[in-house]
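S.K.: On the provided structure of chain A, position chain B as indicated by the hints.
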Amino acid sequence: MALPDGLDSLVKAFSGHGIDEKSIISLLGRSRPEHRQSLRKECTEFFIEDNERGFERWDDHSIKLLKHEFMRFKNAVVLRAMHPWERDARLIREALKKGPESYGMIVEVSCTRSSEELLGARKAYHSLFDHSIEENIATQVEGSELKLLVALVSAYRYEGPKVKEDTAKSEAKILAEAMKNAEQKPIEDAELIRILSTRSKPHLKAVYKYYKDIFGKNIDEDLDDDSILKAVVQCLFTPHKYFCRVLDAALRDNAHKRTKKALTRVIVTRADTDIEEINAEYQKQYGVSLTEKIVETANGNYKDFLLTLISREN
Amino acid sequence: MATLVAPPQHSPVEDAEALYKACKGWGTDEKGIISILGHRTAEQRQQIRIAYQDLHQEDLVKRLESELSGDFEKAVYRWILEPADRDAVLAHVAIKKLSPDYHVIIEIACVRSPEELLAVRRAYQARYKRSLEEDVAAHTTGDFRKLLVALVSAFRYAGGEINERLAKSEADILHDAIKDKALNHDEIIRILSTRSKAQLMATFNRYRDEHNTSITKNLFGEGDQNNEFPAALRTTIRCINNSNKYFEKVIRNAIKRLGTDEDALTRVIITRAEKDLKEIKEIYYNRNSVSLDHVVAKDTSGDYKAFLLTLLGKED
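Which chain is which? The protein sequence lines are A and B, in order.
Basically this note's numbering = 1-based index in the first sequence + 473.
Basically this note's numbering = 1-based index in the second sequence + 1.
Next up, chain A with everything else stripped away, as it sits in the complex:
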């Protein structure tokens, strides 16, 4: 067994998303002690040479990373088996616990689910945590996003197709005013909050269209990529683009562990709804299908599970 090969395989088996169980079984299962020692000496990514005492030890940080990677499959399985209501309730709870960088998940759940799905999440939250979602958000979120987040999570939007075109047009202008206003953060503007959190999605799509017609650009073009407001606007108006953006960030090589988790989350939560549209949009945006990208970056059982979820034959 040529050493460089083994080393590469080992590193690959432990990198990316999930673990390549088969490679590891063959690499480590059958190798002889000398081979493993050579691997350890060569693999400075995972092992630290203790020259004083003459052995190589696992780097603690790497063990932690590996733990996460091994857990990816388990988490995907648990999430997949869960009732969608419990899933969404737990995602929101997690976002609240983790703090401002994770509030995007609250936006994701409250804006991309149907009215009944969001209602279900609120019921499940009562059952799991003995409080209402709005109660917890209102006490734990401290920044300017508070009002918008509470409003979004409390919405029970009309889901019919009826739209009043002139109202949509005037509300596009109101949103523009709110975003231009130098004196107040758009995210705290009462009219902006009203429109984004109470109007139906078909109505909002009309608002999006009128905005483009009147101002010549999309409503989210001028917003910061990381801002809550951009996430809200994208989730409400162009959810597939939003999910693609999240997936792309998760699949990057040096993605933060929190960002990486989005891969499981998005695929598991959208597998039964619009994963095909997301796949198509991904292909359009990045020139490679989501399936190909996952084959390239994910490993083992985790990879197989994701691929199965994406290409479900109905």
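Quick caveat, the hints were computed from the structure, so don't treat them as lab data.
Taking lysine-lysine pairs in the DSBU-like style, the calculated list, with each CA pair at most 30 Å apart, reads: (1) A/K678 / B/K97; (2) A/K596 / B/K130; (3) A/K635 / A/K714.
Every value quoted in this text rests on a predicted model; they were computed, and no experiment measured them.
M.R.: Relative to chain A, chain B alone:
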């Protein structure tokens, strides 16, 4: 307890036929209508509607709308709708008034259980093709809007657990917010619109223990006469804390006004007849030394009066 007197069994088909006869031909047999509908529970009334539709291919509600008029018609219309649908109609009427009647909206949002409020939101969408919060938001502004939208969008935890420490700290927050005349509305709105009812009642009790006065008394006279926000807060707190006392006051005011505010009187009697109108009557008697039945009999007339008295539990 309910004041409605209804038989445990009934035949929807017989009732539908009797109603058909009452409406057929010239004139209408209002007494006949009252004697049936005034003695049927919500579930029984829906079965009658279904039977009527089956037998005569017509919506009973529409038939009654065309046969009846005035306050009597309004009362019967509201009575025959399913509770959630009824509340949706009441809310819509309240919102569309030139100056929205926020009492009604707060009543619905705060007195109904979380599940009932959800049903109202669904019924509203089915009827008006918009969400309740959408319409409330579009017809109100400022703090008013924040409060009302938050109240109708709430899905409060329905359990009975309370956290005493939290009750104390939030009672303090409320006290400070009210005392500091700037009225930090955001915190007040947050507490009143997100906490469970059990938790809020514990908070109100705590407030009274610590400050020797009820929270609503402290809200009196805040801001100028034109500022209805403190009044809305009082209504909210009263509805949550003791809805029966609140309803007694609504009725008392409805009757006191020159002429009677039939809308308010109808609303309370119809929405509470199957719930706790009995307790409201007792409170009324204790406070006014005269029975509600007596006052309704004196201040209303005709079929409208007969209908209300029937719902109040009068024996035929």
